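Engineer: Take a look at the letters that make up each chain.
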Amino acid sequence: MGDLLQFHFMQNAFLAGTLVALLAGAAGYFVVLRGQSFVAHMLSQVGFPGAAAGALLHVSPVLGLVVFCGAAATGIGAIGRRLDPGNRAESAAVGSILVFSLGLGLLFYRLYAGSAQGIYAFLFGTILGITDADVALTFLVAIAAVAVLAVIGRPLFFASVDPDVAEARGVPVRGLALAFLLVLALSVAITVQIVGTLLIFALLVAPAASAIRLTARPVLGVAVSVVLALACTWLGLTLAYYTNVPVGFLITTLAFGVYVAVRAVRA
Amino acid sequence: MNPLEPEFMRNAFLAGGCIALAAGLVGYFVVLRNQVFTADALGHAAFTGSLGGVLAGLNVVVSAIGSCIAVALAIGFLGGRGRGRDVAIGTVFAWVLGVGVLFLSLYTTGRSGTTGGLGVSVLFGSILGLQPVQVIAGSLVGIATSIVILLVARPLLFLSIDPDVAVARGVPARALTGLFMVLVAVTVAISVQAVGALLIFALMVTPAAIAQNLSARPWEALLMSGLIAVAVVWAGLVLAFYLPYPVSFLITAVAFAAYLASRLPRRIPVTAALVTLLLVAGCGAAASAGGAMSARVIRRGGIRAASFLVLLGGMSAPARSPLWMP
Numbered sequence: 043m044g045d046l047l048q049f050h051f052m053q054n055a056f057l058a059g060t061l062v063a064l065l066a067g068a069a070g071y072f073v074v075l076r077g078q079s080f081v082a083h084m085l086s087q088v089g090f091p092g093a094a095a096g097a098l099l100h101v102s103p104v105l106g107l108v109v110f111c112g113a114a115a116t117g118i119g120a121i122g123r124r125l126d127p128g129n130r131a132e133s134a135a136v137g138s139i140l141v142f143s144l145g146l147g148l149l150f151y152r153l154y155a156g157s158a159q160g161i162y163a164f165l166f167g168t169i170l171g172i173t174d175a176d177v178a179l180t181f182l183v184a185i186a187a188v189a190v191l192a193v194i195g196r197p198l199f200f201a202s203v204d205p206d207v208a209e210a211r212g213v214p215v216r217g218l219a220l221a222f223l224l225v226l227a228l229s230v231a232i233t234v235q236i237v238g239t240l241l242i243f244a245l246l247v248a249p250a251a252s253a254i255r256l257t258a259r260p261v262l263g264v265a266v267s268v269v270l271a272l273a274c275t276w277l278g279l280t281l282a283y284y285t286n287v288p289v290g291f292l293i294t295t296l297a298f299g300v301y302v303a304v305r306a307v308r309a
Numbered sequence: 012m013n014p015l016e017p018e019f020m021r022n023a024f025l026a027g028g029c030i031a032l033a034a035g036l037v038g039y040f041v042v043l044r045n046q047v048f049t050a051d052a053l054g055h056a057a058f059t060g061s062l063g064g065v066l067a068g069l070n071v072v073v074s075a076i077g078s079c080i081a082v083a084l085a086i087g088f089l090g091g092r093g094r095g096r097d098v099a100i101g102t103v104f105a106w107v108l109g110v111g112v113l114f115l116s117l118y119t120t121g122r123s124g125t126t127g128g129l130g131v132s133v134l135f136g137s138i139l140g141l142q143p144v145q146v147i148a149g150s151l152v153g154i155a156t157s158i159v160i161l162l163v164a165r166p167l168l169f170l171s172i173d174p175d176v177a178v179a180r181g182v183p184a185r186a187l188t189g190l191f192m193v194l195v196a197v198t199v200a201i202s203v204q205a206v207g208a209l210l211i212f213a214l215m216v217t218p219a220a221i222a223q224n225l226s227a228r229p230w231e232a233l234l235m236s237g238l239i240a241v242a243v244v245w246a247g248l249v250l251a252f253y254l255p256y257p258v259s260f261l262i263t264a265v266a267f268a269a270y271l272a273s274r275l276p277r278r279i280p281v282t283a284a285l286v287t288l289l290l291v292a293g294c295g296a297a298a299s300a301g302g303a304m305s306a307r308v309i310r311r312g313g314i315r316a317a318s319f320l321v322l323l324g325g326m327s328a329p330a331r332s333p334l335w336m337p
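Taken in order, these protein sequences are the chains called A and B. Just so we're aligned, residue 43 is where the first sequence starts under the working numbering, counting upward by one. Just so we're aligned, residue 12 is where the second sequence starts under the working numbering, counting upward by one.
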């Protein structure tokens, strides 16, 4: 283990990976509970044009990420109704907006004259090339997001499981939905740089989906989800250090393997 | 200069048109059956499949189709309906992407000196750089898919709109659903050739959404969805010929503009926007005909196709008036 952590970049990768896994495990629990995998996927992809626009305008890509993800979350929240099955007009609308924003991302990127490697860094992340500043920023966002989730967790759980009854009992269902989307957007915007727009999704969905299969109790479910996300991230980083395999592949494979195993045991 | 002159443009018009027709027709059912997320997941599966195919020395189109069908089956196996389906798609999808990352790294490290342009062209499309074999494969598969989907359109519409009654009336639900998933997989795999894995929605979802905004009648909307998809691709190609922007971006931009126009609560701007779109696409009609015919026939055929498309746009506009009344 001492051998593993002797390099600074590995220390940073472990620190940032731990924070991302904590955040994604907790937020992902609600994503799965609310059936919002598609929304989570969209928010993570909207990050791509955001980062490209930031690079093009010579401002920080992080700013572009936060602005685009925040705007997308607000837009989805403003549509109001949940993007669940039986709501096909909304998912078509959101799909149309998503594809246009990805097209814009491509345009911004070409105008910025970036290389293919740059696109891959945006899309798939650079977890082994994280700076101290990235770690600090991730730390701040993770603390803030987990704090918000802890505060709204109880009513959000109620509103997710039974929106009608929750609304009747005076829970601000729409306000909570928007607040959750904004937390999710902010988490995605920050973590995207580390694990990439495409892979944050794996940590959001797979551990939480396994946790929900394992236990029906909410607090325990969040805990299991976080533990699984942490285990996948740490194991993935360790394996990536000793082999020549990309860390993104290892983390997603571990998370998917856990999900399939859980499905096999608890069919 | 005429957009039809260079061979790569004629190829793009021909293959793009055939692929878009299939994508628009199949996409109508994707939106009707609320399987947008599935289509997205399959797009990413095509990314992984294409890269894997290149690594293994297989044909890119064949390996993309194979991986799409495999992932469609995996999603069908793991997921039920509603929330369960959402989660099953999400987890399968995330893992398939992870495998794509592995292939991408193997591909880029395996060839010293390359910047990995293949990955970008799979993600964002390369319709202007299609190989002759890809043009033929894309066109044939696109036309075949369109024919099959039109043949099963009637029972599939029935099954999609009212599954319980359809099953009671003896529609073979399982076989039809399976066939439909295969058609979606094939369509996604060939659409990736045209607009790329990340942008297939521009052909599969946006035209269908436009058609559903314009017409509540299933058959009318289905055909409109196919034609709008073709118009969007051709309009994007014509614009790309004159503008210095990536063609995939222009296709998504045209599609999105048409979508916004279709949501405007006034009839006149909608018709105007659609007619403009179809006019631009008229050049495309001529172009794809140009692949086979002589120059004189091209001009005549192009004008005829353009006037047909404009006529169609004009006819479709009055039909949707009830939709605007709440």
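Quick caveat, the hints were computed from the structure, so don't treat them as lab data. Since we're looking at a predicted model, the values are computed, not measured. Worth double-checking, as some hints may not be accurate.
Computed beta-carbon distance windows for the label pairs [stated by the list, open to error]: (1) B:A67 with A:L46: 30 to 36 Å; (2) B:N70 with A:A178: 36 to 42 Å; (3) A:L46 with B:F88: 51 to 57 Å; (4) B:A179 with A:D204: 53 to 59 Å; (5) A:G117 with B:I154: 33 to 39 Å; (6) A:Y283 with B:F88: 57 to 63 Å; (7) A:T116 with B:L271: 34 to 40 Å; (8) B:R185 with A:A186: 29 to 35 Å; (9) B:D175 with A:G117: 52 to 58 Å; (10) A:G217 with B:L162: 48 to 54 Å.
Every residue, glycine too, gets a C-beta built ideally from N, C-alpha and C.
Engineer: Hints first: check each against the structure and report whether it holds.
Structural biologist: Here is how each hint holds up against the structure:
1. The hint said 30 to 36 Å for the Cβ distance between A67 (chain B) and L46 (chain A), and at roughly 33 Å that hint holds.
2. The beta-carbon spacing between N70 (chain B) and A178 (chain A), approximately 48 Å, falls outside the hinted interval of 36 to 42 Å.
3. Look at L46 (chain A) against F88 (chain B): about 37 Å separates their beta carbons, and that is not inside 51 to 57 Å.
4. Checking the proposed 53 to 59 Å range against A179 (chain B) and D204 (chain A) shows it is violated: the Cβ atoms sit about 32 Å from each other.
5. Between G117 (chain A) and I154 (chain B) the CB atoms are about 38 Å apart, so this pair conforms to the stated range of 33 to 39 Å.
6. In this structure the hint that Y283 (chain A) and F88 (chain B) lie 57 to 63 Å apart at CB is violated, the actual value being about 34 Å.
7. For T116 (chain A) and L271 (chain B), the Cβ-Cβ distance of about 19 Å falls outside the hinted range of 34 to 40 Å, so the restraint is violated.
8. Roughly 49 Å separates the CB atoms of R185 (chain B) and A186 (chain A), a value that falls outside the hinted 29 to 35 Å.
9. A hinted range of 52 to 58 Å for the beta carbons of D175 (chain B) and G117 (chain A) is inconsistent with their spacing of about 35 Å.
10. Between G217 (chain A) and L162 (chain B), the C-beta spacing of about 49 Å keeps the proposed range 48 to 54 Å intact.
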